[in-house]
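Residue numbers (the working numbering), protein chains in the order written: chain A, 1 to 285; chain B, 1 to 782; chain C, 1 to 172.
Derived by calculation from the structure, the hints in this document are not laboratory data.
Misleading hints may appear alongside valid ones.
What the hints assert, rightly or not - One-sided excerpt, in silico: chain B residues whose CB lies under 8 Å from chain C:
hint : residue
1    : V17
2    : P122
3    : P124
4    : L182
5    : L219
6    : Q503
7    : E681
8    : N705
9    : S707
10   : F708
11   : T715
To be verified - Taking lysine-lysine pairs in the DSS-like style, the calculated list, with each CA pair at most 27 Å apart, reads:
hint : chain 1 : residue 1 : chain 2 : residue 2
12   : A       : K11       : C       : K123
13   : A       : K45       : B       : K702
14   : A       : K45       : A       : K11
15   : C       : K7        : A       : K10
16   : A       : K45       : A       : K10
17   : A       : K45       : C       : K123
18   : B       : K73       : B       : K215
Given the structure is predicted, the values throughout are model-derived calculations rather than measurements.
Idealized CB from N, CA, C, for every residue including glycine.
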Amino acid sequence: MNEPRYYRPKKITEALTILSGEGAGARPLGGGTDLLVRMRVGHMKPSVLVDIGRIGLDTIHPTGDAVVIGAMCTMTQLLGDAVVVRQLPALAQAASKVGAAQIQNMATVGGNVCNASPAADTACALVALEARVMLRSVGGVRSLPIGEFLRGPGTTALAPGELLEAFSIPLLPDDTAAHQSFNKVGGRNALVCSLTAVAGVTQITDGVVQQCRLALAAVGPTCLRPSRAEALVHGEPLTEELCRTAAAAAAAQAQPIDDHRATGEYRRRLVAALVREHLLECMKS
Amino acid sequence: MSGVGGRSIRPDAAAKVQGKQPYVGDIHPPGMLHAAILASDQAPARILRLDVAAARQVEGVLAVVTAADLGDKNRIGIIFDDQPLLVETEIRMVGERLALVVAETPAACQAGLEAVALETEPLPGVYDAEHALDADAPQVHPDGNLIRTFSVDRGDLSSALDTAEVVIEETYRIGGQEHAYLEPQGCLAVPAPTGGMWLYSSTQCPFYVRSAVAKVLDLPLAEVRVLQTPTGGGFGGKEDYPNEIAACAALLAQRTRRPVRLLLPRELDFQASTKRHSMTVHHKLYADSSGCILGVDAEVIVDAGAYVGMSTVVSERANTSLVGPYAVDNVRIRTQVVRTNNLFGGPFRGFGAPQVTVVHECQMDRLARQVGLPPLQVRRLNALTPDRPLWSTGETIAQTERLGAVLDALADSEVMTDSEVMTDSEVMTDSGVTADVHGPAASPAASLVEDDERYRQGTGISVFIYGANLHHGGQPLDRGGALVQVQADGSVSVAIGVTEMGQGALTAARAIAATALGADEERIRITEVDTDMVADSGPTVASRATLVGGRAICDAADQLQARLLPLAAELLDAPDPDALVVVEGGFESPDTKRRVAFEEVAALLHARRENPAAVGWYRSKPRDYDAETGQGQAYMFYSFGAHATRVRVDTWTGKLEVLSITAIHDVGRVIHATAIEGQVEGGAVQAMGWACMENLSLQEGKLMNPSFADYLIPTAVDAPTVNMVFLEDPEPLGPFGARGIGEPSFIPGAAAIANAVAAALGRPVTTIPLIPERILNMLGKE
Amino acid sequence: MSAPAIKIRITVNGTVHVTDASPTMRLLDFLRNELGLTGAKEGCGGGECGACTVLVDGAPICSCLMVLGSAAERQVTTVEGLGDGAGGLDPVQQAFVEEGAVQCGYCTPGLVMSARALVDSDKELTDEVVRTALAGNICRCTGYKKVVDAVRKVGAAAPDAQATSDHSKEQP
């Protein structure tokens, strides 16, 4: 019942100093939509909360061949940003599927990734978009591919005292936007955790797949890239048959478990359905 | 138009939209203490050590109570005396109360809970109701796992067996449901200055709460006063369970001599409070080749959980309702109510009828396909009619033309215009397996509209009969009162014994009072139940609020009119008071058409010092019924209704979307148009949730999804459009001809969805809920 | 290192409050227990039902998932802050009352706040837009139809916009 101590720094440098000074019991508080739930049920008992809601990190700006999205951007911000909506529709679609309006107004993209839930919607999109995470500590900055940042359920490469500052998302040629999607299946149409979700980013030139990146959520310890499915379509024109075959390959690479929400076997079938849906959409568009 | 049939603004609406309505969690009297429950997270288990000494020492904790402190007052069961308020030695269900803590703050309560030392020894449990009666099943209580068997024995089933040309045999597994009222359970107990106890309770049944608290505190009923707080949803979940919460709060208030408030955290509410019963029904339907039903043979297993609670009476309604609105001469039903260590089964909107409605309506569709008739036609063929009015109880159902009218309305409904051509005997054989469900439709079955390879649509119907009010077994409770006072300025105070829980009981009662008295509806003040104001009116369940409250108000109004009419006649110079007509806002002389306002007559009533108050009373006539055979007059009267529902199934993911529901209800008389629409729209969507997504995931009696994040109920983007048809053939026994609608609004919902899914997929549906994974499994391997 | 004692300044329904309350107290508890504004309800405590919805800088949020410190220096609007301050209803509240969008009422203040924020946005209030905006507010009583009708009624400029129901209504 000991209440955590609370800091609300105004600069990232202040936040980093506090985090490194307070040690392991300190947690950054972003949107709070996950942390407060975990604290309430006793899964997490931080001794210090560092509220990072006033240190900035909430801007979205294109930098030539990439878009840099601050970790504290809320889902609502992503949905209202023209660059995200136009050029990163997979991310926008994922943001629109996080909770509902209230949660979207609070939850941040950084928090959604740092929680490292295998079912995290925006993390799934960012994996398909091959985002890099930009990390900062009092010692300096570093960046990692998001796939290396996410290590397992609830586990990331974030070092003690380190903050996730931003994502850098490489931009693809303009027409790729038409071939991005994020689809999830849950037990209802909103306000629901994914049973499985699939993000897809596919680039097609002259009818041939130049590259295809798929990310599968809630079917492994972290978001998975089904490399065999991606390889199957690479360099090929999409056909209904190929979509089906690639979907089956993706399903085979999924590593789902049984839990109270669904069996692994069902999740595997969802992977096939959603990968096929993505590829068919690409084929028809 | 105001009064009966109108659309007046409900009396509590403005306060509710402003957040001014004080729910129990909003009330905070000076000196109030907070209470919390230490609940078991496993069952069954034996308590080896329950040491609360350290908890009592926690700063801010005033008392910690266990069974050891309660002696012989530790009993809470309503019907059976099998349930302790606090566990004595054996824990039988997860969420069962081990100890109560009362403290100055919620944080101190929590610290107190954490300071209790508990050691338990796990015991073998019963988690599968279908095997609860096996010889080697562990015994939940020493007297065995069979609580009771209900039966229907009518005619001679062997004759049906001999002549049947069609036999449809299936086992249905129907899941439970959480009420998910938005306001969790709660009670505030305040020691009365003069020694009794006042309870501010979120409840459907204040008189149950009063009895339970009187028993636990060993107080006379007159010393316990229950003031129902605005109740944030009930649906049956606040029928009996609030007794347990109130008894806990009252005990702690008695010990500390201070007000004590107990609010159940949502997770514990999910785990511990009552649920719709899960049932397994093994059903054999015998028919001839023309589709006429010859007999029904069914065995029902009802999972009661560890304690009886209201499970017997819920099961009795399931038992009686299982044949549906059909004339069947030969019936044998055995309904076994069994104990397990699963969730606590209890009342939930429909009270056992929705589960068996899924069964009889799925069986009707199977019969239709087997004999090559449209689903509606096979129902018409077997429906109760004035020529064949005998129900499975052997009683004559009155006015069965109403069922015919429901079926006609079904035929007229928009969704039926295309599905009625569905005679797809080839599409689904009786085993329910089609040759190739993924291929193009083999027959011109209109129900199988395919958007494309991926999505399939289907329409399903369901028809039901609803026994109004309490079953014969509950008749001793069936009475109720109203206190109506005409004030000198023509305003009216009404107190009733039935509760408002959102459904609109106050709105309906006010409309009835306005029309019965001729008073201005806007000036009638009607409040939540105070047990000191009105005599025990039984529980507000079984769609009886409008019936009981309405008839008691009408009785009071009749008494008052005997005093008001002569005065009105005097003011109108009319010769015959009895010839006056009660009109909106006053009285009219039929000869002169002159009117006098209610206010004027009320003023004269007071000027003459006549008694301006009346106590109205309602009770039903005794009925004959044999509980052994299930034969006799089970209910007071009956209503009918139907749903026609259109669904779309995603065959890739198993996701089920309910596109539209047409709800047809034989309501007798619409008392309040907005309120009845709200009931039907809400009931249909709640049933949709049960049918499609609400899945109680249990592991050894423990609920694995005790939150709104994981136990999913419909949101605004899940809810379909509900079209409504109200048939108004007045009920002689109902106030102004009304029949109850609360439960009927729910009953046909899941059955129609099940039939729609079966039609869409060409596969039989045998289970509820139809969560996506189950639908995909129905389709088989890709 | 010790956290600095923070005096929190927060504006609730237009009134500035400076408080010593714990910055890690939930905003919901601050509103209900410290300010006595009990309109926002606790239905789940986990951001899953929307009964505790209030507006922070005009945006609906779950006040059970925000600590008081995060709301500091911001504008909070609760259901008590709607209306004309003299008991008169806000148009959203008025529409809920007239359309019969209220049953048990426990979810109602949260729904009203979500609806208020939506009406304040520049979105066209189609059925889909309204339903999406209300998806974070669970209601177990109404089936949502009358709630959606009420919100669309507020958004519609035409005076005959109330004819949204399937069958004839007699408006009082």
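The hints, checked one at a time:
no., hint, verdict
1, V17, "holds, 4 Å"
2, P122, "violated, 29 Å"
3, P124, "violated, 34 Å"
4, L182, "holds, 4 Å"
5, L219, "violated, 30 Å"
6, Q503, "holds, 7 Å"
7, E681, "holds, 4 Å"
8, N705, "violated, 11 Å"
9, S707, "holds, 6 Å"
10, F708, "holds, 4 Å"
11, T715, "holds, 5 Å"
12, K11/A / K123/C, "violated, 35 Å"
13, K45/A / K702/B, "holds, 25 Å"
14, K45/A / K11/A, "holds, 25 Å"
15, K7/C / K10/A, "holds, 16 Å"
16, K45/A / K10/A, "holds, 24 Å"
17, K45/A / K123/C, "violated, 41 Å"
18, K73/B / K215/B, "holds, 7 Å"
Hints 2, 3, 5, 8, 12, 17 from the earlier list are contradicted by this structure; the remaining hints agree with it.
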